[in-house]
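Colleague: So the chains spell out like this:
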Amino acid sequence: MQLSLTMKPCFATLGYKKSEVTPMKEMHKEEKLESLIRQHMPFIIRTVSSVTGRYVSVEDDDAFSIALSAFAEAVERFDGERGNFLSYAALVIRSRLNTYLEKERRYQEQVVSLETMEESGGAIADRREENVELQEEIRLYQEELAKFGLTLEDMAEQSPKHRDTRIRGVRAAQQASENPQIVEETYRKRKLPIRMVAACCGFSEKIVKTSKVFILGTMLVFVKQLTGLISWLRDVR
Amino acid sequence: MPEKVLILEIKENYALAMGSDGAILRIRRKEKMAVGDSVYILPEDIYQESEGMGVLPLVPERKMTGKRIRHLAALAASLALILTLLIPQFSMKAYAVVSMDAEHGMQMQVDRNYQILSAVSPNGSVPQETLDGLKGKDLRKSGAELTQILGKGPILVGYAQREGEKNPESEAEIRSLFADQELIYLPGTSDDIQQADASSQSLGKYILSMLLPEEHSDWLQEFYEGYYAEEDETEEEDTPYHEAYWESFAKMDLEALLAAAKENPDYMKNEIFREILSDKLEDAADALEDTLEDAEPEDDPEEDDLDDFDDDDSAEDDEEEDD
Numbered sequence: 001m002q003l004s005l006t007m008k009p010c011f012a013t014l015g016y017k018k019s020e021v022t023p024m025k026e027m028h029k030e031e032k033l034e035s036l037i038r039q040h041m042p043f044i045i046r047t048v049s050s051v052t053g054r055y056v057s058v059e060d061d062d063a064f065s066i067a068l069s070a071f072a073e074a075v076e077r078f079d080g081e082r083g084n085f086l087s088y089a090a091l092v093i094r095s096r097l098n099t100y101l102e103k104e105r106r107y108q109e110q111v112v113s114l115e116t117m118e119e120s121g122g123a124i125a126d127r128r129e130e131n132v133e134l135q136e137e138i139r140l141y142q143e144e145l146a147k148f149g150l151t152l153e154d155m156a157e158q159s160p161k162h163r164d165t166r167i168r169g170v171r172a173a174q175q176a177s178e179n180p181q182i183v184e185e186t187y188r189k190r191k192l193p194i195r196m197v198a199a200c201c202g203f204s205e206k207i208v209k210t211s212k213v214f215i216l217g218t219m220l221v222f223v224k225q226l227t228g229l230i231s232w233l234r235d236v237r
Numbered sequence: 001m002p003e004k005v006l007i008l009e010i011k012e013n014y015a016l017a018m019g020s021d022g023a024i025l026r027i028r029r030k031e032k033m034a035v036g037d038s039v040y041i042l043p044e045d046i047y048q049e050s051e052g053m054g055v056l057p058l059v060p061e062r063k064m065t066g067k068r069i070r071h072l073a074a075l076a077a078s079l080a081l082i083l084t085l086l087i088p089q090f091s092m093k094a095y096a097v098v099s100m101d102a103e104h105g106m107q108m109q110v111d112r113n114y115q116i117l118s119a120v121s122p123n124g125s126v127p128q129e130t131l132d133g134l135k136g137k138d139l140r141k142s143g144a145e146l147t148q149i150l151g152k153g154p155i156l157v158g159y160a161q162r163e164g165e166k167n168p169e170s171e172a173e174i175r176s177l178f179a180d181q182e183l184i185y186l187p188g189t190s191d192d193i194q195q196a197d198a199s200s201q202s203l204g205k206y207i208l209s210m211l212l213p214e215e216h217s218d219w220l221q222e223f224y225e226g227y228y229a230e231e232d233e234t235e236e237e238d239t240p241y242h243e244a245y246w247e248s249f250a251k252m253d254l255e256a257l258l259a260a261a262k263e264n265p266d267y268m269k270n271e272i273f274r275e276i277l278s279d280k281l282e283d284a285a286d287a288l289e290d291t292l293e294d295a296e297p298e299d300d301p302e303e304d305d306l307d308d309f310d311d312d313d314s315a316e317d318d319e320e321e322d323d
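Protein chains in written order, with this note's numbering: chain F, 1 to 237; chain R, 1 to 323.
It should be emphasised that the hints constitute simulated quantities derived from the structure, not laboratory data. On a predicted model such as this, the values are computed, not experimentally measured, just so you know. Ideal Cβ positions, reconstructed from N, Cα and C, are used throughout, including at glycine. A few of these clues could be false.
[Stated by the list, open to error] Calculated pairs, DSSO-like style, for lysine-lysine (alpha carbon to alpha carbon, straight line, at most 27 Å):
(1) R/K30 <-> R/K11
(2) F/K103 <-> R/K32
(3) R/K11 <-> F/K224
(4) F/K212 <-> F/K161
(5) F/K32 <-> R/K4
(6) R/K4 <-> R/K30
(7) R/K166 <-> R/K137
(8) F/K189 <-> R/K32
(9) F/K212 <-> R/K262
(10) F/K212 <-> R/K141
(11) R/K141 <-> R/K166
(12) F/K212 <-> F/K189
(13) F/K212 <-> R/K137
(14) R/K4 <-> F/K224
[Stated by the list, open to error] Examples of chain F residues toward chain R, derived with CB under 10 Å:
(15) L68
(16) E144
(17) A146
(18) G149
(19) Q158
(20) K161
(21) K209
(22) W232
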């Protein structure tokens, strides 16, 4: 659906007249709103990021949740005669976020009692602990890469340019990591045994050679059983 | 669409993050980033290296008085003088790397005008005084001297530019230095220069190792290194094979040719066979270069139509589809 200047407000935005709204149509309205949000996700994220000055977290991000509500509110309240929908939605999102940030700032300034911190801090503490574990894993990963003379910068330089290639590279890395001979040879020679990996994964040697740094680097994640990073790569696998 | 990334390392101007497909990306640094955070990024968040370079602040507009004009004119004249003095220095910038391996091996940095800026011998086979003596000389006029330094045998030349568009004349210029000698010319990229340095090999040997399947790279390099040590043995022998026999190898692809040579090391003593092998290697180098050039502009994470893995193995695709 393309949003334009001619778009009608609220229910009309979603293709309904207000008098036609029934429970079934309410459900369709929700589906359409979800689809609209999915379609405009980059816009919402961009707006949040420009207001807060930081990235939107994949995990629970209050600012992002507020922006989603504000977007839904904009869909509901939009009047086509007022102008472009996205400009209006950006205005609503910014306004709600600024209110939230102002409250946050005031809250930070207040002296928070220890009890209050304990009451509200449980979930935050859990998340921090999880982050500490992941940080430790990332440190171990960097150490492991260093054993092969590699850094994350090298990995950035030599990551294959095409997504399909990366996906197959990750699969090759996982398959190779499950083969003890390949793992032993890799650590013995401190480099990827290209021929063995090619044979194991059914790729040509040229292909493995082209992505050897990426495959080796990714293979180390699986070999060292870095569960946080493995779970990050779950979608690929 | 937004992409999820996991922040792995935070640098001064950017951060290194892992994409959900395993790619390591450089993203712009923003507030409150921490290692281990997973965040959404958009295409504009990808960090471009040029962003790290400083930008001169703009000077606010000021009224141009006669005095100010005179000051500016004096400044312009000084700058013109400085630039005149500096311009010859700009051509001293390293433009390309040329490696040459024969009995002895060396690697040079040259400027746009083929002036030799520095020379090293990665395997230490050329004395430092000889290398120092090359500095400042025009590569195109140093054929005889280079031939003498490199010694006997076919010459493996690696050539890669550090920057700029590919110079179509470089191959002809270098070939003309060694008109009467066997020469394998392997063009590479600026990445190859770095990789060769990192692996302490000459550029030519590095490109060669990339072109050859692993099972062939070791013995072929050994051959090139041993060729000169076994001077008497490497002289061409009278073989029972007719010329047509050797020429028939031209129909083989590189891999089959290498397999044949590995099976029968004496084949390498035949000039026709060596020429065919050189041609195939050069073709492979050109093809690799073309592939890299074709692939570079397609660097769009959302465009999946070009796939490095699909280059030569359509059977793999079938397997993947079955999966």
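Colleague: Which numbered conditions among the earlier hints are violated in the structure presented, ordered from lowest to highest?
Modeller: The structure breaks hints 8, 10, 13, 15, 16, 17; every other hint is satisfied.
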